[in-house]
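2 protein chains.
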Amino acid sequence: MGDELDYDPMTELQRALDAADGSALLAAAEDAHYADLAHLYENLDDEKRDFLLKTIGPELATDVVAELPYPLIEGALTHFKPAQLRVLLGNLSDDDRVDVFQVVSEEAQVRFFSLLGPRDKELTRSLLKYEEDTAGGRMTTQVGRITADMTVKQAITVLRRDREDAETLARIFVVDEQGRLVGKVRLRDLAFNTWDTPIHDIMEEADEYVLASADQEEAARKISKYDLIVLPVVDEFHHLLGVVTYDDALEILQEESTEDIEKLSGIGGEQSEVSYLNTSVSQQYRRRVSWLVGLAFVSIGSGYVMYHFSAVLEKAFVLSIFLPMVVAAGGNSGGQAATMVIRALALGEVKAGNALRIAWKEARTGLSLGLTLGLAMAIFISFVLPHMQEGTGSSFDFLHLAFAVSVALTVQVFSATTLGALLPIFARSIKLDPAVVSAPSLASTVDVSGMLIYFSTVAAILGLQ
Amino acid sequence: MGDELDYDPMTELQRALDAADGSALLAAAEDAHYADLAHLYENLDDEKRDFLLKTIGPELATDVVAELPYPLIEGALTHFKPAQLRVLLGNLSDDDRVDVFQVVSEEAQVRFFSLLGPRDKELTRSLLKYEEDTAGGRMTTQVGRITADMTVKQAITVLRRDREDAETLARIFVVDEQGRLVGKVRLRDLAFNTWDTPIHDIMEEADEYVLASADQEEAARKISKYDLIVLPVVDEFHHLLGVVTYDDALEILQEESTEDIEKLSGIGGEQSEVSYLNTSVSQQYRRRVSWLVGLAFVSIGSGYVMYHFSAVLEKAFVLSIFLPMVVAAGGNSGGQAATMVIRALALGEVKAGNALRIAWKEARTGLSLGLTLGLAMAIFISFVLPHMQEGTGSSFDFLHLAFAVSVALTVQVFSATTLGALLPIFARSIKLDPAVVSAPSLASTVDVSGMLIYFSTVAAILGLQ
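Chains A and B, in that order, are what the protein sequence lines are.
Take any residue in the first sequence, count from 1 to its spot, add 1365: that is its number in this note's numbering.
Take any residue in the second sequence, count from 1 to its spot, add 1365: that is its number in this note's numbering.
Hints listed in this document are in silico derivations from the structure and should not be mistaken for laboratory results.
Just so you know, not all the hints are guaranteed correct.
Derived SDA-like pairs: lysine to any residue, alpha-carbon spacing no greater than 20 Å straight-line [said to hold, decoys possible]:
(1) 1587(A) x 1375(B)
(2) 1590(A) x 1592(B)
(3) 1590(A) x 1404(B)
(4) 1680(A) x 1679(B)
(5) 1590(B) x 1434(A)
(6) 1590(A) x 1425(B)
(7) 1518(A) x 1525(B)
(8) 1518(B) x 1557(A)
(9) 1680(B) x 1679(A)
(10) 1587(A) x 1403(B)
(11) 1518(A) x 1560(B)
(12) 1590(A) x 1525(B)
(13) 1419(A) x 1448(A)
(14) 1590(B) x 1461(A)
Whenever a hint applies, use it, and build me the whole structure from the sequences.
In structure tokens:
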């Protein structure tokens, strides 16, 4: 085995693909991991995709297709003849099969459905009832099920029958005669107990479970919080319907955090699952344009405020030096506060009911940040600026200017921080997505208020009204 | 069991805690999940924390302490007497024990270390060699190990001895006489094969593994990509040192994405692990202040540009209406591009070597977005503005103004988008963190360039120089 350490199936695969060497390709594909094959497929041109799938055949292609980004799945399946498709669709685990049906065109749905065996038809139909982003939509029904009155030997016999089908046997669930979830055993408890031990003696309570109608994120958070390998999914009568596995949880949590990051920058729509380099310019354009155009019109509001105060600027153009800073400091500090609160809401660390505690914490944080910034600027203006900038032709001294700017800065940062913390909570309390709502409303509000705060503060303090 | 569905240990626990009812507290704690207990502990005052830990004792407290946010661990351990601490530290899994040693004060380290048994001392010392954020720093050595020449029966005998210690038996690893990793078997293959089957016949190759010195994120991404429950960790001679488990991967990936989100908003430092509500105002202040002060001084650069062009503004104050918009559009579009690329880099979807492809994609996206925005503004200015704003006293018509603003907008969005995409790639190529570097450099560059682009474009087109 030591000799094989140098052999990399993916390098060999690429070579075979370039040389159109079918038998070498098949041999390498058999050694490769399906996740690597799927990644390779994504980056091939149509002709090579076709050659790859036809060479490895439906058996080996099953896991590869299941691993592909959703938008590529239908295209991949068109490479197969109906008889091959029948094999591939039959081989898919039931949750992957449902995913396929959810993402292909209606015409393909009908065609693929006709290729399924009667049991798979039934199962697929029943799983398609659940929304894609619920625990039911994510679960697999392929789970080890035994009853409490079996012995370890009987349980092993039942499970042996299902062994290759079950997604994981790390946890095996115990159901009653109505199929309701009553407990769980670990495979190690079967392996290490004598064969006549009754399941009833070794089973534990199945405390953690999730309703099929629950959001997929709830399932993922439970798996993460309680360090579970599988989480049972039940209906409202506590019947065991299936399980969500830890690898689903990994996927769900990564999707959600990517979506959160993107929403904060005003990138819209569901995360497409296709990797960045495989999206088109027009897809990128569509996900970003509405936010940019919307915010542009909102920014005209700031422009009007500036225009409105043109008399103040005209009297002392030196004021323009600090205008962008006061406005931007609000955007930056408000954005920080919003980010902290949005992430805390997403991780379930804070609830909308805690609004007062959060506002109080952020108000104090905002005041400290505002005072620090104000002080830093006051020092800069009164000591540094006079030497750089002689004779601005204004009727006030730099000490007054420093005072006025630092007051405006403190007010702006304090109000932006408090607002940035409260906006996501408000959004959540009216059942909107905090990340989607907060970013644009914050940007628009804080820019306008920054202009207003700056001009009215400096005009009042310096007597420029 | 149906009757017990209404019973919630956490409600009962809270009641017992409020009533200072020790025996009810212990009973409820025994039914509760350690993750829930840890979450509860976090939100208690000192007196109740003490009562809770003393009541449940070191055995039950072990998992609770391991689940606590790092900054709370040392405080929690001070509630126990040395004899109890000895039990608790001995009960910890080895990776959790190393975490404890990594996060407590030096003085506590020495005291705790003296309480360990000789084997635990040796193990802890050897694990402390690895940096906290490497695969070696995250791994547990508690893994099922067998050799290829054993039979299934011998393997089960060996594993039975370790059964409660091993973090998971879902995967069992096969090593040679030097302890080098040669393969893996699944527990189900032991459970379902006859007892005289040699391990050699049922073992598979262990293709996925990670070096102990590798970044913890690499381990997490492998677990996620290949849907693994455990990933073996080896040294440079391929000796099996331990495993990183799927629940570590979940934790690592969540920490990393929270950090990425925070960095994009200029929130510094390691994510503290303490939930938002449990951080102090001064912690929040420290994580945010340097970015705000730094950016404030940078913004003065924009202010100087504006001040420099005061003559242009004075000739046509109507230009101030569109100034904030042009500047902000660059920040927004650049931020979107940076976010897409930073996330793609973090997920390993793009490499720095793809810089040209990315720049080309973003340049086209930026041009489309810029042209759209420019067109929208041109329409707004030429059709809507004249009716709102009669007699601005300027020497040019609205058609010229519309043309000038839309040209500036297109140039600003195009350049900001391209820059936003390239900055993270540049940061990665010189081994800096893309999220930390891109946000501030983008904000400062784009604001200044926006002012410059706007004033020079409108001044040139409208003849205001």
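Here's how the hints hold up against the structure:
1. Simply put, residue 1587(A) and residue 1375(B) have alpha-carbon atoms about 16 Å apart, close enough for the 20 Å limit, and the pair holds.
2. Between residue 1590(A) and residue 1592(B) the alpha-carbon distance is near 19 Å, which keeps this suggested pair within the 20 Å criterion.
3. Pair hint residue 1590(A) plus residue 1404(B) holds up; C-alpha atoms about 10 Å apart against a cutoff of 20 Å.
4. Between residue 1680(A) and residue 1679(B), the direct Cα distance comes to roughly 11 Å. Compliance with the 20 Å bound is thereby established for this hinted pair.
5. A threshold of 20 Å between alpha carbons decides the hint, and for residue 1590(B) with residue 1434(A) the separation of about 13 Å falls inside it, so the pair holds.
6. Only pairs whose Cα atoms come within 20 Å are accepted, and residue 1590(A) paired with residue 1425(B) is accepted, the gap being roughly 18 Å.
7. Using a Cα cut-off of 20 Å, the hinted pair residue 1518(A) and residue 1525(B) holds, with the two alpha carbons roughly 18 Å apart.
8. As the CA atoms of residue 1518(B) and residue 1557(A) are separated by approximately 11 Å, the hinted pair is consistent with the 20 Å bound.
9. Proposed proximity of residue 1680(B) and residue 1679(A) is supported: the alpha carbons are some 11 Å apart, at most 20 Å.
10. A hinted pair counts as satisfied when its Cα atoms are at most 20 Å apart, and residue 1587(A) with residue 1403(B) qualifies at roughly 15 Å.
11. This hinted pair checks out: residue 1518(A) and residue 1560(B) have alpha carbons roughly 14 Å apart, not beyond 20 Å.
12. Proximity of residue 1590(A) to residue 1525(B) is assessed by CA-CA distance (about 28 Å); at most 20 Å being required, the pair is judged violated.
13. For the hint pairing residue 1419(A) with residue 1448(A), the CA-to-CA distance comes to about 13 Å; that is within 20 Å, so the pair holds.
14. This hinted pair checks out: residue 1590(B) and residue 1461(A) have alpha carbons roughly 16 Å apart, not beyond 20 Å.
Of the hints listed earlier, the one the structure fails to meet is number 12.
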